[in-house]
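J.: Residue numbers (numbering that gives the first Met the number 0), protein chains in the order written: chain A, 0 to 243; chain B, 0 to 243.
Source of the hints: derived by calculation from the structure; they are not laboratory data. Since the structure is predicted, the reported quantities are computational estimates derived from the model, not experimental observations. Ideal Cβ positions, reconstructed from N, Cα and C, are used throughout, including at glycine. Careful, some of the hints might be misleading.
To spell it out: a stretch of chain A is covered by chain B in this simulated footprint if at least three of its residues, at any positions, have a beta carbon under 8 Å from a beta carbon of chain B; those stretches are [to be verified]:
1. 54–67
2. 120–126
3. 154–168
4. 223–234
Here are the computed lysine-lysine pairs in the DSSO-like style, where the Cα-Cα straight-line distance is at most 30 Å [what the hints assert, rightly or not]:
5. LYS173(A) - LYS64(B)
6. LYS173(B) - LYS173(A)
7. LYS64(A) - LYS64(B)
One letter stands for each residue in the lines below.
There are 2 protein chains.
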Amino acid sequence: MTSAERSPLTRKLSAFVALSEDELAVLERLHQRRRSFTAGRDMVHQGQSARVAYILSAGWVCSYKLQPDGTRQIVDFQVPGDFLGLRSVLLRTSDHSFEPIVDIEAAEVLTSDLLEAFTQTPRLATAILWAASRDEAMVVEHLVGIGRRDAGARMAHFLLELASRLALVGMGSKEGYDCPLTQYHLADTLGLSAVHVNRVLRQLREEGLVTFRDAHVTFHDYGGLVDLAGFDPAYLDQTGPLLK
Amino acid sequence: MTSAERSPLTRKLSAFVALSEDELAVLERLHQRRRSFTAGRDMVHQGQSARVAYILSAGWVCSYKLQPDGTRQIVDFQVPGDFLGLRSVLLRTSDHSFEPIVDIEAAEVLTSDLLEAFTQTPRLATAILWAASRDEAMVVEHLVGIGRRDAGARMAHFLLELASRLALVGMGSKEGYDCPLTQYHLADTLGLSAVHVNRVLRQLREEGLVTFRDAHVTFHDYGGLVDLAGFDPAYLDQTGPLLK
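Sequences are here, hints too, so could you generate the full structure?
T.: Right, dumping it as structure tokens:
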């Protein structure tokens, strides 16, 4: 088994398409330039002209936009198997920043590598487009969450989405998952204050639904949380033998 | 000049790449199945398994998600030259609904047509990916707007973004543009009530910045509105001789 076969990205794409030996080889070559980044130090700055993307193989990253007044909106989190900056490869500037939440391992992918891989194996291109479409569907869900869900449903939806995403790469289940996010991350994601985040998490715990403590999320009543959030995982499009 | 050379999509993609005769011909073939849709009647329903996308050639469409409680979050609008449902082509279900705001003209594109076009002309594929990346960047901006901008800046940003997008297809300028949206559309987009939308628009008018009346947006002080919104059009990536 090659390293690409074992990579989280390979596991993820396999939920969409069964990759051939040739396609796996092309995917492996995309993993060649391995790099490490330190927690808390930005990898790509908003406004930077960065024609490079990364495939995250270990650790968590957040992507965010700073507002002129200094407030921060977290757009999304990346977990192993996710692309970072796939969008920026084609736009002429990066429209947001990436910050590793813990020390991470990632493979650097140049625009030219990606376009070459697309030309060699259209099916792999389609699989990567699938992953990009899924990323966009998540951003849409976050938009709906902030626009239309109350704080409890918003938090529940967010914790359930992470569980599904992590399950796809073998790092989560209906029991729970390890999660390095702080209350400040949650606040900047959900458009709440850190105090409000605290209160919402206490309420969900007291209702016997979920506990987030000591960097671990534990589901006590997965079905109850799904009902509270109105969580329908169809937008994640992972109809394999996972959480659905 | 062929019809595809004249199409709004061709104008838009030309901001990214100069298309060859061959590529224009492939693009033209994507425009073959022309269809009309009536205002107010959904084209694609949330949850529908729709392996078809559309290229909008005339009229406006909104894409939205309904929440279990019946409230609606508008995710984005599509104007001539935009794809509808490009994401749904790869995901197994449509993650939102599309409603024509006025009577529209669109070309139907099957998944198979699109993948065939991608294989024939990787450069055209890249241009379409650019358009998809730009669409996602807009959704990110809307997320930031709802999460972090006050009502005035949110409205100003939205009206400015539409001006840039319409300018790209010759339908808007720094003077203004025709706009068929109602206050209910604005409310469901910006996470405000219709009453609040009214108040914000009156305020922007009284400050001498912009008037939205009788289906037309008129900029009185474009620069002032840009300042109020903190609008940086870099995320739209249209460095041609347009609004920037």
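J.: If any of the earlier hints don't hold here, list their numbers in rising order.
T.: 3 and 6
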